[in-house]
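Chemist: Numbered by full-length UniProt numbering, the letters in the sequence shown go through residues 1 to 355 in order.
Because the hints were derived from the structure by calculation, they are not lab data.
Just so we're clear, the structure is a prediction, and the values are computed from it rather than from any experiment.
All C-beta atoms in this analysis are idealised placements derived from N, C-alpha and C, irrespective of residue type, glycine included.
Watch out, some of these pointers could steer you wrong.
Claimed, not checked - Straight-line distance between alpha carbons at most 20 Å, and here's what the computed EDC-like set of lysine to aspartate or glutamate pairs gives: (1) K198 - E286; (2) K332 - E286; (3) K64 - D45; (4) K199 - D335.
What the hints assert, rightly or not - DEER-style ranges, computed between Cβ atoms: (5) R283 - E337: 23 to 29 Å; (6) P274 - T48: 47 to 53 Å; (7) D52 - A318: 27 to 33 Å.
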Amino acid sequence: MLSPQFAYLEHAVANSKPFVAYRLPDELEAITLILNEESVIEVTDFDTLQHDSGFIFTPFDPDKNKSYFIKPEEIIKGDKGFRGDLFLKEMKIPSKKHQLDQNEETKNAYTQQFQEMLRFLKDDILQKIILSRTLTVKDLPKDEQIYIYHNLITQYPQAMVYWLHLPHLGIEWMGATPELLVSKKNDQFHTLALAGTKKSGESWTPKEIEEQQMVADYIKKQLLDFDPVISQTETISTGTVEHLATHFTLSKNKLNLFDIIEKIHPTPAICGLPQDKAFKIIRDVEKHQRNYYCGFLGPINLAETTATFVNLRCMELANHSVRLYVGGGLTKDSDLEREWQETERKAETLRKFIL
Numbered sequence: 001m002l003s004p005q006f007a008y009l010e011h012a013v014a015n016s017k018p019f020v021a022y023r024l025p026d027e028l029e030a031i032t033l034i035l036n037e038e039s040v041i042e043v044t045d046f047d048t049l050q051h052d053s054g055f056i057f058t059p060f061d062p063d064k065n066k067s068y069f070i071k072p073e074e075i076i077k078g079d080k081g082f083r084g085d086l087f088l089k090e091m092k093i094p095s096k097k098h099q100l101d102q103n104e105e106t107k108n109a110y111t112q113q114f115q116e117m118l119r120f121l122k123d124d125i126l127q128k129i130i131l132s133r134t135l136t137v138k139d140l141p142k143d144e145q146i147y148i149y150h151n152l153i154t155q156y157p158q159a160m161v162y163w164l165h166l167p168h169l170g171i172e173w174m175g176a177t178p179e180l181l182v183s184k185k186n187d188q189f190h191t192l193a194l195a196g197t198k199k200s201g202e203s204w205t206p207k208e209i210e211e212q213q214m215v216a217d218y219i220k221k222q223l224l225d226f227d228p229v230i231s232q233t234e235t236i237s238t239g240t241v242e243h244l245a246t247h248f249t250l251s252k253n254k255l256n257l258f259d260i261i262e263k264i265h266p267t268p269a270i271c272g273l274p275q276d277k278a279f280k281i282i283r284d285v286e287k288h289q290r291n292y293y294c295g296f297l298g299p300i301n302l303a304e305t306t307a308t309f310v311n312l313r314c315m316e317l318a319n320h321s322v323r324l325y326v327g328g329g330l331t332k333d334s335d336l337e338r339e340w341q342e343t344e345r346k347a348e349t350l351r352k353f354i355l
């Protein structure tokens, strides 16, 4: 018999009912938010939310997509220790006969966009920019989505794993993001500069170290008035890939979560430097809309937690397909083949559960 959460998710998908399900990093307990259509509120002024309770979901470009604040009717907690075989035996195993759409975001298209962005970097118009791409997997039955969510939870214990299902708005996303934006605990706020990607066991190159340092320097500058305590940079693992991370802790009185987010988001880890120029060039050069990729999401004053995350390692769900979003940071020293392979490694964190 399926757990109450998974039984509800299976029922909700089959009956087009809205929900948000998630599992926070390093937590065994998953949470499901039971919703109705009135639970989902469009939001334009984040300051009105600082004392409210709910789940936030925002796009990369607020001019292209709407932001939503979601207030649950009911919260289901539980499902500790999913790691056994019980759920696998009770859930349908995907056929894995799905097809990757090779006509979308091919390497030739990526190469053209890479070269356009590289010109801005070599001309010193930009210091850094993020180039993203998409991959679409076809012929994926909707009832297999729950299996993917289960696998993300079991395989990525250090990630924020989520499944947002708002069929009445045509918004359905899932992901396992490694990147905290801002969290709050005991009147302290925490954020981090996460950048640079390599395979586990490889050495860091000067390009990746420089790329992460740009992000750390940017956040330090933006938060200087808040007197942050800054950690040493460390390597963190997110499955088969590793990243460099620098942690920032803020304890100043009268700090507001959304004041901090406004100061740093979008960071150079998902946009570029200078931010305004990089944002415009991404709009002009990338051939796809990012939609909610590189936006942010997470619980606000919900289930005793406030924690927002950047929407990375994510996919947009449809009735019979999923669209994966991945990207990587470019500097003037970037190599095309190396950057392409980085996006392939990032895509594999999700793709291996689908193809």
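Chemist: Does each hint hold? Answer for all of them.
Modeler: Checked hints:
no., hint, result
1, K198 - E286, "24 Å, violated"
2, K332 - E286, "18 Å, holds"
3, K64 - D45, "16 Å, holds"
4, K199 - D335, "16 Å, holds"
5, R283 - E337: 23 to 29 Å, "26 Å, holds"
6, P274 - T48: 47 to 53 Å, "30 Å, violated"
7, D52 - A318: 27 to 33 Å, "31 Å, holds"
Checked against the numbered hints above, the structure breaks hints 1, 6 and satisfies the rest.
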